[in-house]
Each structure stands twice: as C-alpha cells, then as structure tokens.
Amino acid sequence: MMWDPRMEGMPAGDLKRLQYRLLKTLVYRLYSFSPFYHDRMKEAGTHPDDIRSLEDITKLPFMYKSDLRDNYPDRIFTASQDELVRYHVSSGTTGKPTVVGYTANDLESWTTSLARSLTACGLGRGDVMQVSYGYGLFTGGLGLHYGAERIGATVLPIGTGNTERQIELMQDLHVTAIACTPSYLVHIGETANRMGISIRNDTDLRVGILGAEPWSEGIRTTLQNELGIRVYDIYGTSELSGPMFTECTEQQGIHIWGDIAYPEIIDPESGEHLPPGEKGELVMTVLKKEALPMIRYRIGDITSIDDSVCACGRTSPRIMRIQGRVDDMLIVRGINVFPSQVEHTLMGIPEVVGSAFQIEVDRRGALDSMLVRVEMSKDAFSDKITDLMKVKAKVTHDLRNSLNVAADVELVAPGTLPRFEGKAKRVIDRRVY
Amino acid sequence: MAEKKYIIKQISIFSENKPGRLASIAHALEEAGINILAFSIAEANGFGVVRALVNRPDAAHETLTSMGFMVSFTDVIAVRMRDEPGGLFEIARILGEAGINIEYSYAYSGKEGAVLILRIDRVEEGVRQILQAGGEVLISDLFQ
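As given, the protein sequences belong to chains R and Z, one line each in that order.
Just so we're aligned: the first sequence equals residues 206 to 638 in this note's numbering.
Just so we're aligned: the second sequence equals residues 70 to 213 in this note's numbering.
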C-alpha cells in the first residue's frame with residue numbers, strides 16, 4: 206500500500222527531473238531572498254545559473270549546525286514571523302539550542318512525509334497508535350501525532366513516562382502501533398512482564414516505529430521475537446523538520462521521499478561526493494522548505510545510500526541504518542553526550558585530572574552502558590578506600606547531573622591514560638549498529 | 070615526643086584492579102632490593118590500595134613513583150598481640166574505650182609472635198593508651 210503511488214512509484218528519470226526543478230527553484234529563491242544564503246553562494250563562487258543539472262548540487266556550499274547556532278534564534282529564517290505557525294527548539298546540549306520555524310506548508314510537507322512512511326510500515330485507518338515520544342519542543346511527539354492522524358489512524362498522545370499506565374491503556378484501547386525509542390520499547394516489554402502481561406498474547410500491538418537513538422539489527426530481532434511485533438527504523442532531525450522517513454515493510458533501508466528531500470553521501474574529510482553503496486557522511490537537502498531552508502546540510506551521521514528500486518516498488522533512494530557519527534557526539538540511551546561535556550565536568554572536580562579521561566560505550570542486552578575512566582590527581586590519593594569511594598561517588602554524581610545519563614566511573618592512577626598529541630581520541634564505542 | 074619512635078611509615082600504593090599490577094609492584098621492589106615485612110591489599114570496585122611495611126620506605130616510594138605508581142606514606146603502628154584467643158580483643162578494647170577509631174588494620178603471626186598493624190585516627194594517643202594498659206608497641210626501628 207502506498208499513500209501517494211504517483212510520487213512514491215515515480216520512475217527514476219521523472220523523479221530526477223522533478224528534483225532538479227525543485228532544487229533550481231529553491232536555489233533561485235534563496236539567492237534572491239536569503240542574505241545568509243546569498244553570501245554563502247557568493248563565497249563559494251556559485252551563481253544559481255551554474256545549477257544546470259541535479260548533479261550540479263555539488264557546486265553548492267554546505268550548511269552546518271554551527272550556522273544555525275551562530276544565527277540564533279531566527280536570523281537565517283526565510284519566512285517572516287507572521288508566516289510561521291510553529292517553533293521547535295533543540296535541547297541545546299552543546300551550547301545554544303537551535304530553533305526551527307515552520308510555515309503551514311512546512312508542517313504539511315512534514316505530515317505528508319510521515320503519512321507515506323507510516324503507510325509504508327503497513328499502518329492506516331483502523332490502527333491505534335500510541336505516541337510515546339515526548340511532546341512539546343521535541344519534534345518526535347507532534348510529528349508522529351499529525352502523521353498518524355493524516356492516515357486515519359487513531360492517536361493516543363500519551364508522551365513519555367508512566368510505563369504501567371502506558372501498558373494498561375495499550376490493552377484497554379487496543380493499541381496496534383507504538384512510536385517510541387527502541388530502549389523505551391524494551392523497557393515497556395520488561396515492565397509488562399513484571400506486571401504479568403505478555404505484549405504478544407495480551408495486547409493487539411503489532412508495529413513499533415522506533416528512533417531518536419541509534420539501534421541495531423540485534424535489537425530489532427530481539428524485540429520482534431520477544432514481543433511478536435514488527436519494528437521499523439525512523440529517521441530525521443529537528444533541522445529537517447523532525448522524524449520524517451521510515452523503512453517500509455521490507456526493512457531494507459529508510460525511504461527518503463525524492464520530492465521532499467535529496468540525500469547525498471560525502472567523504473567527511475574531503476567533502477567529495479561518494480557513489481551509492483559507499484559509506485560516508487549523510488548530507489541532506491530539503492527540497493521543499495520555507496521557513497528554515499536546508500541545503501546540503503551536514504547532519505554528521507554516517508550511512509550509505511541504496512538507489513535501486515525497493516522490493517516494495519518505491520523508487521526513492523534509501524539510506525541504510527546509521528552507523529555512527531562524524532563528530533565526537535555519542536548517543537547514549539537516547540541522550541546526546543559530547544566528550545567535551547565530560548571534560549568540562551571533570552575539570553570542576555579537583556580530585557581528578559580533568560584533561561585525561563576515556564569513555565567506553567558498550568551495549569549490554571538492549572541497554573547502552575557508559576564507562577568513564579578518570580585519573581585521580583596525586584594530591585587526592587588516600588590509602589583509605591572510603592576516601593577513594595567518595596571521590597568516585599562525586600565524579601559519578603557530577604557526571605550524571607551534567608550529562609543527564611548515568612555513567613560508571615573507574616578511577617585510575619595519574620598518568621596512566623593515553624595522552625594525545627593531535628586530536629584526542631577519548632571514546633571507544635563498541636556498540637554495533 | 071616519646072611516641073614518635075613507634076610510628077612506622079607504611080607505603081600505600083594505588084592500583085587498578087587488573088591482572089599483573091601486583092606483580093609489577095612486587096617485581097620493582099625486588100629489583101630495588103627492598104624487603105616487604107608486612108603487606109595487605111584493600112580492594113574496592115575497580116581499584117585497590119596495596120599497603121606494605123618495607124625495610125626502606127623512602128627507596129620504595131622513589132622506585133614506585135618513578136614507575137608511575139601513585140604512592141603515599143601513611144603513619145601506622147604495630148602492636149604485639151598475645152597469640153591466643155582474646156589477643157585481638159585486648160587491643161581493640163583498649164582503643165575502643167579510649168574513643169580511638171581503627172581505620173583499618175592487618176595482622177601477621179610470625180616466629181616472634183603475632184603483630185597487629187593499625188591505622189588509627191589519633192596515633193600518638195593510641196600508642197600512649199596501649200602502653201599505659203601494659204601492651205607492647207613495636208618501635209619503628211624494628212621494621213625500618
């Protein structure tokens with residue numbers, strides 16, 4: 206089942222022509238009306254007339270997250286405030302948050318994207334979707350909410366938390382689909398077990414739309430086997446609008462609707478465009494965006510593109526499961542963690558050497574675990590175990606407070622962790638996606 | 070102060086809880102010709118503290134520090150115990166009644182009898198109390 210068969214099944218040649226037309230229009234519009242983009246293109250030595258084919262997109266300059274931060278809150282918006290109908294704001298983990306504005310058309314295109322995606326996951330009229338993503342400034346809740354309503358599903362806008370009630374309502378209202386983070390679904394499964402409820406036998410749940418954190422095929426298999434449902438990966442970021450794209454029932458990559466966005470893969474070092482199948486940094490151009498245009502936006506996620514026609518018949522390219530990040534950001538249990546934050550916290554604790562630390566991330570079962578190795582400062586050494594345990598407890602507490610996620614802490618002797626001459630490599634991430 | 074001669078410099082070494090750590094400490098002391106007279110390991114989750122009485126504490130400190138170990142000196146005392154039931158109780162009772170806290174201790178029972186190594190919160194007062202009660206505190210020269 207396709208939501209919009211004409212668009213989703215459009216022959217590749219036609220789709221390319223459509224994408225080229227949309228890109229050309231977008232570039233002309235921005236060159237004329239966006240001082241930010243006008244300057245960027247001038248710096249890059251590219252005029253809109255230089256864009257003569259879809260491939261010429263590589264002549265356009267990249268956009269970075271820092272561009273949004275540097276222009277906080279709305280200096281690169283190309284819609285005036287009276288045209289905006291909504292704001293979403295990122296959490297601002299690394300400093301200033303980023304603000305995304307939406308015109309009515311932006312919301313429409315977001316909703317359309319998800320209507321196609323949810324349909325591709327086999328959902329529609331008659332389904333009851335429990336939206337267990339956060340509502341509010343975070344894009345997950347409202348994004349899925351409107352997408353599910355659009356396809357005629359019944360929405361249970363429950364948000365996050367209160368897991369027992371989530372399970373109770375799941376039973377009472379015959380919920381068939383849930384949208385949440387993969388780790389939350391694992392938690393729901395475990396909680397249900399404790400309550401003596403089997404998701405497989407005692408509920409009508411059959412589909413999970415899971416995202417907002419990296420997860421693996423292993424978790425998919427576990428969740429599908431244990432809960433007796435099908436779970437699908439969803440992709441998006443607030444800069445693109447929010448969660449926008451999902452897999453189809455084939456589970457062979459995430460469909461990026463060609464008339465909405467144009468994905469590229471580049472070599473993160475050289476910026477060179479890479480062919481389908483090669484792994485690199487995902488760069489997205491949102492072809493229809495009014496309030497906050499995104500051209501060649503470097504999201505920083507590592508993946509590859511498959512542009513062959515999917516077994517489901519959809520022609521849009523698919524991106525593979527996200528395999529990591531270009532920058533040093535980690536996502537641990539759904540929370541963004543930057544090594545710089547860890548360093549900042551440790552610097553505030555005189556008993557440890559803040560500049561020398563190591564982060565190890567593993568996955569134990571379905572849950573991420575993070576270990577921070579910290580060197581004790583010489584002066585803090587006491588031969589009393591209780592004193593050392595106090596230092597350890599303090600580091601654990603302070604990290605938990607600043608990162609919003611718990612980390613195990615290991616104290617090591619000063620001078621024993623690796624030192625770096627160039628860029629420090631402080632993170633060992635052993636998770637497999 | 071008279072009690073000073075009873076105060077022994079124990080070396081304390083921070084050690085990660087990993088295979089081979091103790092071996093490298095012991096090997097270094099051997100190379101430097103340092104004899105270990107009494108010894109204990111306190112362990113917590115992920116790390117431990119090796120405590121030792123050695124014949125040449127300054128040399129041990131220098132050797133281990135140069136190898137990158139975190140080493141410190143701690144003042145401890147050694148008390149002769151009756152090597153029979155009640156021996157430990159006698160000493161613990163004296164300190165307890167004097168309101169002196171034992172932070173940790175370890176013991177050995179050798180050919181010259183049983184010895185209790187104590188780290189207490191008020192060292193000189195502890196020595197005084199034990200001596201007054203008729204106990205025997207070993208002078209540090211016996212070790213170092």
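Quick caveat, the hints were computed from the structure, so don't treat them as lab data.
Heads up, the beta-carbon is just placed ideally off N, CA and C, and yes, glycines get one too.
Take these hints with a grain of salt, some might be off.
Said to hold, decoys possible - Which stretches of chain R does chain Z cover? Using the computed rule of at least three CB atoms under 8 Å from a CB of chain Z, they are:
hint, segment
1, 584 to 592
2, 616 to 624
Said to hold, decoys possible - Quick list of the computed label-pair ranges, beta carbon to beta carbon:
hint, chain 1, residue 1, chain 2, residue 2, range
3, R, D584, Z, S109, 19 to 29 Å
4, R, L576, Z, P88, 40 to 50 Å
5, Z, E131, R, T396, 52 to 62 Å
6, Z, A161, R, T396, 41 to 51 Å
7, Z, A161, R, M400, 50 to 60 Å
8, R, R569, Z, P88, 16 to 26 Å
9, R, N606, Z, I208, 22 to 32 Å
10, R, S560, Z, F158, 48 to 58 Å
11, Z, S109, R, M552, 30 to 40 Å
12, Z, E194, R, M552, 33 to 43 Å
Here is what the structure says about each hint:
no., hint, verdict
1, 584 to 592, "holds (count 5)"
2, 616 to 624, "holds (count 6)"
3, D584/R / S109/Z: 19 to 29 Å, "holds, 24 Å"
4, L576/R / P88/Z: 40 to 50 Å, "violated, 18 Å"
5, E131/Z / T396/R: 52 to 62 Å, "holds, 57 Å"
6, A161/Z / T396/R: 41 to 51 Å, "holds, 49 Å"
7, A161/Z / M400/R: 50 to 60 Å, "holds, 51 Å"
8, R569/R / P88/Z: 16 to 26 Å, "holds, 22 Å"
9, N606/R / I208/Z: 22 to 32 Å, "violated, 50 Å"
10, S560/R / F158/Z: 48 to 58 Å, "holds, 50 Å"
11, S109/Z / M552/R: 30 to 40 Å, "holds, 35 Å"
12, E194/Z / M552/R: 33 to 43 Å, "holds, 40 Å"
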